[in-house]
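Chemist: So the protein lines, in turn, are chains A and B. First residue of the first sequence: 1, per the working numbering; consecutive thereafter. First residue of the second sequence: 1, per the working numbering; consecutive thereafter.
Check each hint, because a few of them may be wrong.
With a straight-line cut-off of 25 Å between C-alpha atoms, the simulated DMTMM-like cross-links for lysine to aspartate or glutamate are [claimed, not checked]:
#: 1; chain 1: A; residue 1: K412; chain 2: B; residue 2: E350
#: 2; chain 1: A; residue 1: K211; chain 2: A; residue 2: E394
#: 3; chain 1: B; residue 1: K245; chain 2: A; residue 2: E352
#: 4; chain 1: B; residue 1: K245; chain 2: A; residue 2: D279
#: 5; chain 1: A; residue 1: K320; chain 2: A; residue 2: E361
If you're looking for bench data, these hints aren't it; they were derived computationally from the structure.
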Amino acid sequence: MTESNRLASGRARIDSLEMRGITKRFPGVLANDHIDFDVHFGEVHALLGENGAGKSTLMRILYGLYHPDQGEILLNGRPVIISSPTDAINLGIGMIHQHFMLVQSMTVAENVALGLPSSRGLLTDLDRVSKRIVELAEIYSLKIDPSAYIWQLSVGQQQRVEIIKALYRGAALLILDEPTAVLTPQEVDELFIIMRQMVKDGHALIFISHKLHEVVAISNRVTVLRDGRKIGTRPTSETTKQDLANWMVGREISFAPDRGNVERGEIRLKLDQVCCGSDRGTPGLCDVGLEVRSGEILGVAGVSGNGQCELAETVTGLRKITAGRVVLEGEDVTGLAPGELTDRMLSYIPEERMRDGMIREFTVAENMILREHHKRPYSRFGFLALSDISTHAEKLIAQFHVKTPSRETLAKNLSGGNIQKVVLARELSRSPRVIIAAQPTRGLDIGATEYVREQLLEQRRAGAAILLISEDLDEILALSDRIAVIYEGRVMDIVSREAATPQKLGLLMAGVHPEESAPAT
Amino acid sequence: MAMKKLLQSEWVSRLVDVLLPVFAALAALFVGAVMLLFLKVNPIEAYKALWDGAFGSSNAFAETLVKATPLLLVALGICISFRADVINIGGEGQMIVGAIFATWVGLTFTGLPGWLVITLAMLAGFAGGGIWGGIPGLLKAYFNVNEILSTVMMNAIAVQLMNFLLRGPLIDPAQAELASKIPQTARLLEAFQLPRLIPTRLHLGALIAVILAVLVYILLWRTTLGYRIRAVGQNPHASRYAGIKVQRHVVLALLLSGAFAGLAGATQVFGVNYRMITDGSASGFTGSAGFNGIVAALFGQLHPILSIPASILFGALLVGANKMQRVVQVPSALIIALNGLVVVFVVSSEVWRRRRQKRRLAAAGQDDESSPHAGGEKSQQAETDA
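Isolated chain B, as found in the complex:
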């Protein structure tokens, strides 16, 4: 009897692990509901507006996917770097530099066919982000500079680079003549814009992102390079002993991570805005996708495929919140708070899950002087029971 109980609890705890992020998100919405009540707003009405805004019509859903696209691309990069135990907080800067590279290609090679320019621009975005991620990678690998600090600093540099270029060398010639001098580039030729998938704003970038998610999965678990990146992330000592060049793979992981963010920046320009424009801040261009992508990746348990629904969820939250704001007339601060709540709850639930897992592992390890068979059979039985 006691044994059966234990098996069941084992099974239940596994289920809890899987559903935990969902519970966490619901808990965040519940706390949000309390806040809405304080503002004398009916939470049910508010959340209905949120749902409608995100999924209510094909147009709404398309908007959700448009928002999810850069999140997913950044998240894919995060999956790679975090698996190598490198914390990339530089998604914002990498998106900006990727966008600058891509925009330059789009504005320069106006004589070439559209498909070629789009391809070149996407590659340029990939390269630009890669450079911006690769620099902190080199600093970390060869000068032991903390990558969290350096990637954040690279964000600041990228913003100023963008402001400089969009006010000077890359400014729209039309604006240059005007007194207002709005800091923006010229609009891309229509032929260079990413094709729309359905008659909404949904563009080819979304499809590219999903395909890349599969490719990143293959990279991480089916290629030698991915094996090495994961090995270096899990245990740099053993990797070094086994002859893997640890530093090189740290650089590579950050470079790839940056490259995906750079691509996110490029798709924003070529699929959504059709030009670069700055309000002086990073989020003015990125919509904070460089940061939110990290959350999406963590929500997707650093798994490229799981990052797809995770990104869609956060995209939905962003789009739906706008609608909610319009319908129930809550201050925009509340929307930001709601987003923040979801992030805090999900991240803490992840921390909690890891600690619990560690505790359970420790308990299992001490069980009867490290009986591996016990652990193994336990889980197998749990599976058959399920």
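Chain A with its partners taken away, still in its complex shape:
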């Protein structure tokens, strides 16, 4: 090794870090069961697993937030004790949390300097901090203005501030806890450029994710955890997405679910020249015309913020329509209230499931009857029929595999995937005629995603008409019979499943008609 083992930031690099036989118990669960994990300088080691697999616990142990019940940590071959984040930082370990720890009303430089001693004693040294930030930013291709206020920055930029903060504190090993969960695809690409730059410089990176394509794209090695146990570590180049998925879930996962042949029936839902406003005052929807038939999934693709929210809200009666009409099974339902549409067997899986789909302080059983609470058998003469409600809840918990300690558990104590299962159970168990599903798998892990998609296809087989609004193009392509592309509140085009390619849809999503733009080839 001819070049120095110092990083560009001036800090000595961490040659290797090894966690041996880490075991951590929480009451009732074994979160980490004798896990071995190691990372070297100049590599990205991905830590992959479903929610609850023990990834975060392991990393919290490394960062000094938890203390292991058993096991040891070796830094450059020597055992170390990390009993607090301060210890971790002193050893050169930094962590980028999923939720940023930034003060919104302060500048980038102030945030970086926060909690560090000033080189001028009682006076601030923000000019020196700023200069250093600019240097670091240059080295690692982090475009950031030290004098910008945090609230002015996008989520991706705020994440860069967190990275700068860690580098400024001399991190040679960086733990990135699901860093892409909050980013747009473009921001993910930019993050990956930064990560590659850091790896080239000799940093060691641990990348936590449950998104397979990202793991495949960025990591050198990958370790899969499941139920607190390590399943294995492999060079990423020797694995495939399919292998990793099977490892993670512990069984065969189908990426292209079986759609089967379903006879399309009558038109169940029709939008006729629908217009509506949006919350920002711009026109939300403009002359939208769609038809969804029984036994059909109509996918609505588009870049976020092009009218998807407004579309879901108009169809479900939550947003006022300024022109046009909505027809449900031949009946003009324009302007009806959400409750009246519910009574016509329209079901809705809302995009913001925590805010709109669930009452966090209610029990699972209470949430299961949110839509039908005023009807028999759950309500008799204005009184709740508690035994029927309980029976109903037990039935749905079993049928939809909701993991919950009991039906009386408060919804807020469930994981994201299980919350979505409760929503699905409630919305789908009533044999809906029409289903509006908005971003039904966003933020879910792979097992839960697969489950949700299967359920939607099951409903299609049962003859429901499904409007699937999703920003995930893979999802749209996997499930839809026809695909409508929405751009700036207008339907650009509706293409059949057979005619749809990612390229064609991509152009439409950008507002370009393929025929107009490129007649050549």
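Take the given structure of chain A and dock chain B to it, following the hints.
Modeler: Okay, now just chain B, sitting in the frame of chain A:
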């Protein structure tokens, strides 16, 4: 070992939660004791007087219950409105308007049998308070007017309405002839007064309040309406998505809340004073029950059944403090301060408990990437351990 420790601490912290208001009240009394020492009064003697005043004899206890009755009725209303996430500070005004409605019934239908007039008067009180609560409810639901402001303003209007009516249209005809013109109504006929339960001042209103506490419990947790009120209070978005008419339930919650306060006002007239009389202020009639009822409800964790002991405790404090003042000769300001201390300590302990709970939940949620089973099993084990 470590695990066992954790379980125990979990168990202990639950116990702390339950006993917290009691500790807070004791802490307030301790601070009060320090104040008493500064006034060169023996705190033990003073608190003994307080205890005797509240619970020392059947008469004393009856007085405590008499004071607790309006507190409980107001608290029941607060349980409903706060569960709908509507803050009703208008109990004072709602009590007054309820009392006016009831008094009018009592003074008007003098030819009817007593039981009927009492029933009608109680219903009128319920309706009067309901109107006074329903107006801010409508303003909030349909014009987005902050209910805290509007209910406080409605208090001021109610006081002036009372002063006007008791000096004018509703004034006791006997007083109208006199030069003094004391602002009060005529006395209710004996047949219209709420029957006494035992030979003390304890009247039927106390029993009505306890029965209503059970009914409010049933309303909130056993009926569709209660389900909706709680749903709207916890998450108006999800409620709207589920087809619940959010605005309507906001109005209903405030209306019901006001109605219970109105009933409290009616029972004060028909069970205690037998006439309405004003000193120009709201508290002159209500004894601040419209505000203290809120504290009682919070003390009872917004649970109608728990509000019963909470109201009795505050009733005891009010009655006992009077006795203490007489026996150890402390200024009345100290009594008010003592009451205030209890309120401040209890409310802060509640705030503290909620924050702690939130922190613990957050910690549990981050535990191992949201492992719900961990949380569930943890508490189950804690229970079996207990």
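Chemist: Out of the numbered hints, which ones does the structure contradict?
Modeler: 2 and 5
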